[in-house]
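Participant: These are the residues of each chain, in order.
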Amino acid sequence: MKKISLKFGAMMTAVVLAAMLGGVWLAATYRENGSRAILLPDQVMTLFPDPKPLTAFAFTDHENQVFDLSRLKGKWSFLFFGYTHCPDICPMTLAILARAREDIVKSTVGAKDVQFVFISVDPDRDTASKLRQYVTYFDTSFLGVTGDNAQLGNLAGQLGAAYQVAITPGVENYPVYHTAAVFLVDPRARYHAVFAPPLDAASISKRFKVLRELEGPQAT
Amino acid sequence: MRWRHPVFVGLILSLTPIAAATGEADVSVRDAWVREAPPGVAMMAGYMVLQNKTSRSQVLVAASSSSFQAVMIHRTIAKEGMTGMEHAPQIELSPKASLLFAPGGYHLMLLNPKRTLHAGDRVDITLEFRGGLVLPVAYEVRK
Numbered sequence: 001m002k003k004i005s006l007k008f009g010a011m012m013t014a015v016v017l018a019a020m021l022g023g024v025w026l027a028a029t030y031r032e033n034g035s036r037a038i039l040l041p042d043q044v045m046t047l048f049p050d051p052k053p054l055t056a057f058a059f060t061d062h063e064n065q066v067f068d069l070s071r072l073k074g075k076w077s078f079l080f081f082g083y084t085h086c087p088d089i090c091p092m093t094l095a096i097l098a099r100a101r102e103d104i105v106k107s108t109v110g111a112k113d114v115q116f117v118f119i120s121v122d123p124d125r126d127t128a129s130k131l132r133q134y135v136t137y138f139d140t141s142f143l144g145v146t147g148d149n150a151q152l153g154n155l156a157g158q159l160g161a162a163y164q165v166a167i168t169p170g171v172e173n174y175p176v177y178h179t180a181a182v183f184l185v186d187p188r189a190r191y192h193a194v195f196a197p198p199l200d201a202a203s204i205s206k207r208f209k210v211l212r213e214l215e216g217p218q219a220t
Numbered sequence: 001m002r003w004r005h006p007v008f009v010g011l012i013l014s015l016t017p018i019a020a021a022t023g024e025a026d027v028s029v030r031d032a033w034v035r036e037a038p039p040g041v042a043m044m045a046g047y048m049v050l051q052n053k054t055s056r057s058q059v060l061v062a063a064s065s066s067s068f069q070a071v072m073i074h075r076t077i078a079k080e081g082m083t084g085m086e087h088a089p090q091i092e093l094s095p096k097a098s099l100l101f102a103p104g105g106y107h108l109m110l111l112n113p114k115r116t117l118h119a120g121d122r123v124d125i126t127l128e129f130r131g132g133l134v135l136p137v138a139y140e141v142r143k
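Chains as they are written, first to last, in this note's numbering: chain W, 1 to 220; chain Z, 1 to 143.
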């Protein structure tokens with residue numbers, strides 16, 4: 001009985017939180033391992049009921065360190081694909097993510113176990129030093145990573161992210177197409193949620209905070 | 001007669017578009033800004049709100065600036081689930097309509113600034129419309 005009332009209490013807290021967000025609908029699902037409330041449906045954030053575990057990949061970060069699957073474990077990771085020669089959508093999104101991080105830092109949730117990773121799909125131009133200059137301009141905690149096309153395709157494929165680099169001989173500023181969504185990977189390195197554009201900082205941080213409240217203090 | 005009252009006549013004069021021949025009166029620009037670039041980045045973007053004050057269409061055909069190697073009118077578009085940029089050779093402003101150049105949409109792509117631009121700086125860009133209308137605009141660099 002006690003367990004059920006606790007569940008109910010948690011559910012009601014979640015309902016109130018969701019009502020405070022406005023426009024976010026909340027539903028509760030029950031699984032074998034207990035109750036898990038999910039935010040559904042929501043135009044900004046799609047939360048997967050059964051987060052998909054990611055498999056091995058290998059990138060290099062802006063400090064020339066290996067950035068692989070193990071670097072996603074124990075942290076909530078916001079991932080964004082882009083390239084530094086992108087004048088509009090990439091700086092816009094990174095500025096939004098920097099503000100979302102500020103919100104999260106100030107909240108009770110905190111950002112100790114949260115990381116933001118910019119994945120360049122343009123490894124020919126985006127060297128480690130270039131990535132370091134770029135991402136740390138937005139937030140000193142941001143990480144910039146890239147890898148070869150096979151590895152980029154590997155992780156992009158796992159997340160359902162698409163990109164296309166139209167390298168044109170003799171053309172200095174060749175076009176690059178990439179998914180503008182922000183992907184959220186949980187501390188078990190599972191693809192947990194995705195934020196769809198158009199994005200804004202408050203929408204991301206609010207939803208993340210609610211998600212963390214629902215998931216509990218422990219990284220699950 | 002009552003309408004000859006000096007205040008009334010003054011009001012009518014102030015509403016008369018006496019500067020109709022200049023660009024400023026035909027198309028107005030407000031909230032013109034350029035996003036400050038991270039270090040080492042040679043691609044910037046400019047944004048603004050254009051308002052066509054006339055009762056005929058105005059077509060933006062080019063933009064130029066001595067502060068950059070090149071200025072192009074671009075639009076961020078979605079293509080097969082991806083986002084990219086395409087060149088917009090011309091943009092038509094409907095009569096009396098406003099057009100927003102904003103992040104994620106239309107923007108002026110500013111290539112290779114000749115000096116490093118910091119938040120608070122101002123940079124001049126000239127907008128050119130079909131029919132010879134030329135509009136110099138000062139953009140504020142913002143973070």
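No lab work stands behind these hints, which were simulated from the structure alone.
Cβ coordinates follow ideal geometry from the N, Cα and C atoms, glycine included.
Treat the hints with care, as some may be off.
[Said to hold, decoys possible] The calculated label-pair distances, taken between Cβ atoms and stated as ranges, are:
| hint | chain 1 | residue 1 | chain 2 | residue 2 | range |
| --- | --- | --- | --- | --- | --- |
| 1 | W | 110 | Z | 61 | 23 to 33 Å |
| 2 | W | 188 | Z | 64 | 50 to 60 Å |
| 3 | W | 55 | Z | 120 | 39 to 49 Å |
| 4 | Z | 138 | W | 141 | 51 to 61 Å |
[What the hints assert, rightly or not] Derived lysine-lysine pairs resembling DSSO-like cross-links, with alpha carbons at most 27 Å apart:
| hint | chain 1 | residue 1 | chain 2 | residue 2 |
| --- | --- | --- | --- | --- |
| 5 | Z | 96 | W | 106 |
| 6 | W | 112 | W | 75 |
| 7 | W | 52 | W | 209 |
| 8 | Z | 53 | Z | 114 |
| 9 | W | 52 | W | 75 |
| 10 | W | 73 | W | 106 |
| 11 | W | 112 | Z | 143 |
| 12 | W | 52 | Z | 79 |
| 13 | W | 112 | W | 73 |
[What the hints assert, rightly or not] Which bits of chain Z does chain W cover? Going by a derived footprint, with three or more residues having C-beta under 8 Å, they are:
| hint | region |
| --- | --- |
| 14 | 100-112 |
| 15 | 122-132 |
Participant: What are the numbers of the hints that this structure violates, sorted from low to high?
Facilitator: Violated hints (numbers, rising): 1, 4, 5, 8, 15; every other hint is consistent with the structure.
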